[in-house]
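> Going down the list, the sequences are from chains A and B. In terms of UniProt numbering, the first sequence opens at residue 1 and continues consecutively. In terms of UniProt numbering, the second sequence opens at residue 1 and continues consecutively.
What the hints contain is simulated information worked out from the structure, not anything from laboratory work. Treat the hints with caution; some may be incorrect.
Here are some, though not all, of the chain A residues that point toward chain B, as calculated from beta-carbon distances under 10 Å [unchecked claim]:
| hint | residue |
| --- | --- |
| 1 | G16 |
| 2 | H18 |
| 3 | S59 |
Just so you know, even glycine gets a beta-carbon here, dropped at the ideal spot from N, CA and C.
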Amino acid sequence: MRREYEGVFLIKNKLGLHARAATVLAQLSTQFNAQVTLHQGDKSAPGDSVLALLLLESSQGKEVKVTCTGPDAQDALLAIGNLIEDKFHESE
Amino acid sequence: MKLSTLISEDCSKAAVLFNSKKRILQYISELAQQKIPSANQHEILEALLCREKLGSTGIGKGIAIPHGRLPGLNNIVAIILVNQQAIPFDAYDDRNVDIFVALIVPDGENKQHLETLASIAGKLNNKAFCKRLRQASNDSELHQVLVEFDK
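The task is simple: from the sequences and hints, build the whole structure.
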């Protein structure tokens, strides 16, 4: 059975999905046996590619949809959702 | 945004040879200082090092985008360097890095910064572009690759 989970999250941190945030997200994505994809508007990016994530230009206040498929999909979605909610561990 | 406009020919350096992260960043700050007379080289280097301490700017596939913020800067200063050999840069995919696109950006301007990053990422996401950057044998040829892929 194909396991697919998705969630929509608000980019809260001041700098948005900038280089450091994208790198942290990509690092996290590779820790799971799951295919992670971020969607914003008509653009999408694999969660493990920093270059592709930067192309989303997700700034503060934007909503991104995260879809995860594969054996670890549920855990991956939870972890990535928490990271975005936690402002990528940034202070503002 | 056109990369060939963002990065001038005198900020395009092909086939350079540095053997460490620190050396590369020193050279970047030296080049950047020539474009920012109001700042000194040490200040620029500190901004770059400070950012690397937060996490490597190695974004995978042999590419790094070292950057730093300088208060009071009017324009973005962008530099491209292609090193003759890939060097360790603590990139998240563990690959060594040979393409460096460095940015010195004004403080604040977060949205503009994201746009700049996206323009650069859009180009670097193209394998053919990266291949041509690596093949450029002199500075003028390297800049010409930027011009060509802006068309």
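> So which of the earlier hints does this model not fit?
none
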